[in-house]
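**Student:** Each chain, written out:
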Amino acid sequence: MSTILESVDVSKHFGGVKAVNHVDMKIEKGDIFGIIGPNGAGKTTFFNVCNGAIPATEGKVYFNGELVTGMSLSQIASRGMARTFQNIKLFNYMTVLENVKTGFHMHTRTNMFDAVFTTKRFKRDEEYIVEEGKKIIERVGLTKFTNVRAGNLAYGIQRRVEIARALATQPEILLLDEPAAGMNPNETQELLEFVIALNRDGYTVVVIEHDMKFVMNLCRNILVLNFGTKISEGSAEYVKNDPKVHEAYFGKGATL
Amino acid sequence: MYVLQQLVNGICQGSIYALMAIGYALIFGVVGLVTFTYGEIIMLGAFSAFYYFIVFGDNLILSLLCGFVVAGLVGIVVHKVCYQRFLDAPRYISLIATIGMSMFIKNLAIIVFGSTMKGLPLFFEGQNLVIAERTIDGVRQQLSLTYLQVVVIVTVVVLSIALTLFLNKTRIGMRLRAVSQDRKAAALVGVNVKNTTLLGNCIGCGFGGIAGILLGLYYNSIIPTMGGVAGLKAFSAVVIGGLSNIAGAAIGGISIGIVENLGIAFIPNGSGYRDVYAFLFLIIALVIKPEGLFSRRTGTV
Amino acid sequence: MSIRKLPVLVMIVSLLLVSATIWAGGQNEADGAQADGSAPIKIGVAAPITGNWAEYGLGFEVATAMAAEEINAAGGINGRSVELVVMDSKGDAKEATAIARQFSDDDDILAVVGDFSSTCCMAAAPIYEEAGLVQISPTASNPNYAGLNEYMFGVMGVQSAEGPFVGEYLLGNYVGAERVAVVYLNNDWGVAAKTFLIETAKEIGIDVVAEENHVDGEKDFTALLTKIQQSNPDTICLVTFYNECAIIANQVAQMNWDVQLTALGPGASEQIIELGGANVEGFLTSTPFFATNDGVSRASAFKTDFESRAGFTLNVHSACAYDALNMVAEAMRNSDVLSRESVRDELAGMKGFEGVTGPIEFQPAGDIVRKYLIVGIEDGKWVQMTDYSYAE
Amino acid sequence: MKLTNKIKASHARDYRSVLFVLAAAALIVAPIIIDATVHKSSYVIDIMVRILFYVIFASSLNVINGYSGQFNIGHAGFMLIGSYTGALLSTKLGMGGVWYWVAIPISGIFTAIAGFLVSLPTLKLRGIYLAIVTLGFSEIIRLIAMNWTAVTNGPMGVKNIPKIWLFGLRKTSSPMVIYYIVLVFVVLCLYSTYKIINSRVGRAWMSIREDSTASQSLGINVNRYKAFNFMLGAFWAGVGGALMAIYYRFISADMFVLDEGFNVLAMVILGGQGTLVGPVLGAVIVNLITEFFRFADEYRLVLYGLLIILTMWLRPQGLAGATNTVLAGQAITQDSSKKTAVDDGADA
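Chains Z, G, D and H are the protein sequences, given in the same order. Take any residue in the first sequence, count from 1 to its spot, add 1: that is its number in our numbering. Take any residue in the second sequence, count from 1 to its spot, add 23: that is its number in our numbering. Take any residue in the third sequence, count from 1 to its spot, add 28: that is its number in our numbering. Take any residue in the fourth sequence, count from 1 to its spot, add 114: that is its number in our numbering.
Hints are computed from structural coordinates only; laboratory data are not their basis. In this text, a Cβ means the ideal position worked out from N, Cα and C, and glycines have one as well. Careful, some of the hints might be misleading.
Below, a list of computed lysine-lysine pairs in the BS3-like style, where the Cα atoms sit at most 27 Å apart [said to hold, decoys possible]:
#1 H/K238 / Z/K19
#2 G/K141 / D/K70
#3 Z/K135 / H/K309
#4 Z/K135 / Z/K124
#5 Z/K19 / G/K217
#6 G/K141 / D/K247
#7 H/K309 / Z/K136
#8 Z/K61 / H/K238
#9 Z/K124 / Z/K30
#10 G/K103 / G/K141
#11 Z/K136 / Z/K121
#12 Z/K27 / Z/K214
#13 G/K312 / H/K238
#14 Z/K121 / H/K309
#15 G/K207 / G/K217
#16 Z/K124 / H/K309
#17 Z/K214 / Z/K241
Every beta carbon over 10 Å from chain G, so not counted as near; a handful from chain H, in silico [claimed, not checked]:
#18 S131
#19 F185
#20 I227
#21 G241
#22 A245
#23 G250
#24 I258
#25 L280
#26 S288
#27 N335
#28 A341
#29 A380
Assemble the whole structure, with the sequences as input and the hints as a guide.
**Tutor:** Here it is in structure tokens:
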């Protein structure tokens, strides 16, 4: 197995606050990787640095061996990294299908002239994205919501739409930011199975969570952050038994 | 000397802009919405003083108070009509409502006040504060300020400081700031957001009224259509200053004044380009610092 | 945003268009019913009654209404009374053209007085030409305006007359200026006037040491004045409106600058004294017409009457509007068979018309060469300094 | 079940296409009928032409404000550039008559380039900051047109703009002829906007409008698409401006003051931005209303101001009911409160 995403000595400072402090990370292709930590540990910040949403103060990020620090979110996205957002960022006033269609942006080439003159390329692209889009919607089990406006959907379903939209970019790696937040146990369980299925289809998945149980059940390898610093990294089993992790979550002397 | 005098001219004119900008910044900070009615508030303040002088005689301080009250009251109406319903809606809605309001007030004012330009009594007439004077080749050069200019500059400084103190030291001021920073959080800690917003807008408009009177006195002319340019300059100054920053708005206003006057001073026959200098300065400033030159917090969209 | 809405859209638009048509058409037909020999003669008045130029537009409205009343009180035009159709152009050229079309469409309208700004007049000009309808503007001062076509007339007076008058007689003979700084309003009129003025001034050996423009609505002239002060002029000549003249005079006074102020264009407006107070003492300007409230002359009676009606002081623009309407009426009286064409011909050929603003006689292009007076402010009052023969 | 649906759908489609054809026919024959039946028609047709001009202006502004969520309040600047380009090409470079058909797209392209230049400093800016830059740009352009006498004739304006060539017709600046010329461009403008909006490009714009971070995460180059967006909006504003020049045959800088831009903005918002129908409706209603309010004499603009406020109270999302965009008024309120509830658990 080869490394797909790697961070070397990454730091992010906001003014004087060191939100992320010299973090190294290595994610193997095909893995389900978890980043955990208590609230305010800098998980999302680290995540945002990795995919280019915010620039790193220091350090380097490699994606498939290519140095991607300094690239924008969209540049990194075009290299095959897709993500969802902690506070869902759907295009609320577009339908589910339109959301997914937008996800195909990188894989179509229609420009304004094609659109105005209904060229072959326009027709081919539209056909392609409708067909593929419907497949993806079916894949996430939302066929009956195809033409519903995304903003009108229930929370758990919106999460799935977001994943569907991310899948439409045909990524190699999928970054999920707190996918289980706000879900009930049933929905969480469904999500768990869904992510495992995705992974089986060949997607490398990175999950940010503070729900330990969810992560332990899902992820093979885990990185633990606290106050912006890496305190532990390894297999789920290893992390589970790492006293430093216990300390971070429950204070000194506690056990999981 | 010439450059210095032009600089002084710029500062004086800038301080008028600054005066208008202070009220705007307060309104923007508390209400969080762009308004195009502010120019008309300035105009109403000026006209209230005009009628005050006619009815009660020439008392500058009392007329300022009168302008403050009148503009503040109009501010309440504007608030009820243009902002209150639209506080959480997309901004352009209240923006259009303020454009409608501005059209309404301006044209009504033309009918009620008459369309011609009117003069205000001259205060401090003909008294100059000559700082330096010299004659070169028969050309007299001087560095001087009129007393009215001094009054305006002092008012700007006093009002900026007073307002900043008010916002930072008093309970009401703290509430205003809380609402300005985060409406929802303020509501959570028990601030009556609705009334505080109204109050903030009211005070802001009051300052607009005072600015209007001084503007009228400074140029000794008021006309119902004076609000357009005034409002635009206030808006520009506030944007340069970082939107809700009181001191920033004042400095923004003064810097616009300086840029305009220096532009006129050094570009041959360049007076016609006055607004070009101001807006180019604004655009360049925004390109360098997209959130305004003196903003501390990130702006909201 | 789906294709479904497209036809709905087209439907709505066409429905609205058609209903508007029917509404407007119905209106017009109602108007058309009374075109017999005793019906009133209609004259269109286009002016900016709302918007930023309302100050002037309202003056037009009052002045033309006065003229019409006087005409009607004196028995109308050959027994027919005059009716004004006043339309607000807002100072917007697009509205001005719509008004032009409306006037052109209405066969009862035989002439049009207006508009205020040259832009509005010039945008409307081709429409009036097509309809063969006279547009006589009290104020349009773009040098290209009157020559646009044979139906355009202007009573403001060409700048090729006033500019040289101010240059040679006001600045040269009367003031004896040696170093002049010119401040002009940057619009069509201002540029034309100052060009002629400077040309003449240079010819007679006056040194024009500075030339600065300002935009309409400018209030702060300190930078500009400080700048021209550097070139040490003994006289400043302002080519601008009366409001600006007063503001400039105030700012010159604030600078403690002792310099002769002269002007081209504002006329003997009371506004200057009202706004400038003591600061405009000694102010000199050229004017085509001068009236005081002493009630002696016709102009003076007009001025008093106007001011009591309008509630604001008379300016030269409104006086020109009054004359414009009277000229149209005169042309109608002179017509054998009254028609749009006859109004044009009679206007073009009119001789010896005496208006409140002085004698008016059109040149072939449709504009007029006026004669000018020099007036000045003494003890807070306008005083006539020279008479019309000064320039002869 | 499926079959009946299909039948229903096809019925609906037939019904709609019949409506469409009828409506289009009405637009085409309307001026002819008016000319034949109404005695004094040129005024009415003039108003119709003006409406069509504003349909172009409002729709082009809607491309910017409505679809990509950028906030342009200085549209008059673009109109000015298009108008002056057309006017100067035809008066100074002899591109009148038949060549004006070339000058129109050139004006559009020239304005689009200006749109691109404006979009450069504004890519980093959002909301109010963007708004004031567009406003400043509009004033700068106007003052340059007014002061740069050598090229633009300065305050004198551009007069005697030649008529356009149209199959040897003589009166090509008459309202009737211009009506059809502008109608063609209105159709082109609306059709192309419609097609673009429903394509990859349009979806990219709307995604930027709804959430620009999310749209970046899909690999959309937000800056590039914002620039495209400004260029398309400016293009049509320029074309509209160039058409205006051959109708009025005289243009000057004071036809493009800020208020003109606000006026177009008011049309877009009153009609409902972010919809294709909205700006069209806005242009029709605002123009008819301002004509209709003539009875009010000097109270005309007072009434108009009131009407604007009233519309915002009653239908903040605009008349065309743009409830299906993020720009819709009331709907957004509930949504944003829901979102903040989630934000509370935000990470560092």
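**Student:** The structure should be examined with respect to each hint, and the outcome stated for every one.
**Tutor:** We went through each hint and held it up to the structure:
1. H/K238 / Z/K19: holds (26 Å)
2. G/K141 / D/K70: violated (35 Å)
3. Z/K135 / H/K309: holds (22 Å)
4. Z/K135 / Z/K124: holds (17 Å)
5. Z/K19 / G/K217: Outside the cut-off at roughly 37 Å; violated.
6. G/K141 / D/K247: Holds. G/K141 to D/K247 sits at ~13 Å (cutoff 27 Å).
7. H/K309 / Z/K136: holds (25 Å)
8. Z/K61 / H/K238: Distance of about 25 Å is within 27 Å: holds.
9. Z/K124 / Z/K30: Answer violated: Z/K124 to Z/K30 is near 35 Å, above 27 Å.
10. G/K103 / G/K141: violated (31 Å)
11. Z/K136 / Z/K121: holds (22 Å)
12. Z/K27 / Z/K214: Distance of about 22 Å is within 27 Å: holds.
13. G/K312 / H/K238: holds (10 Å)
14. Z/K121 / H/K309: holds (14 Å)
15. G/K207 / G/K217: holds (11 Å)
16. Z/K124 / H/K309: Since the Cα atoms of Z/K124 and H/K309 sit roughly 12 Å apart, the hinted pair holds (cutoff 27 Å).
17. Z/K214 / Z/K241: holds (10 Å)
18. S131: holds (35 Å)
19. F185: violated (7 Å)
20. I227: holds (18 Å)
21. G241: For H/G241, whose nearest Cβ neighbour in chain G is about 4 Å away, the distance does not exceed 10 Å, so it is violated.
22. A245: The claim breaks: H/A245 does not keep its Cβ more than 10 Å from every Cβ of chain G (closest is about 7 Å).
23. G250: violated (3 Å)
24. I258: violated (7 Å)
25. L280: Its Cβ never comes within 10 Å of chain G, the nearest being 38 Å, so this holds.
26. S288: holds (33 Å)
27. N335: The assertion about H/N335 holds, with a minimum of 19 Å to chain G.
28. A341: holds (15 Å)
29. A380: Given that some Cβ of chain G is not farther than 10 Å from that of H/A380, nearest at about 6 Å, it is violated.
In terms of the numbered hints stated before, the structure departs from hints 2, 5, 9, 10, 19, 21, 22, 23, 24, 29, listed from lowest to highest.
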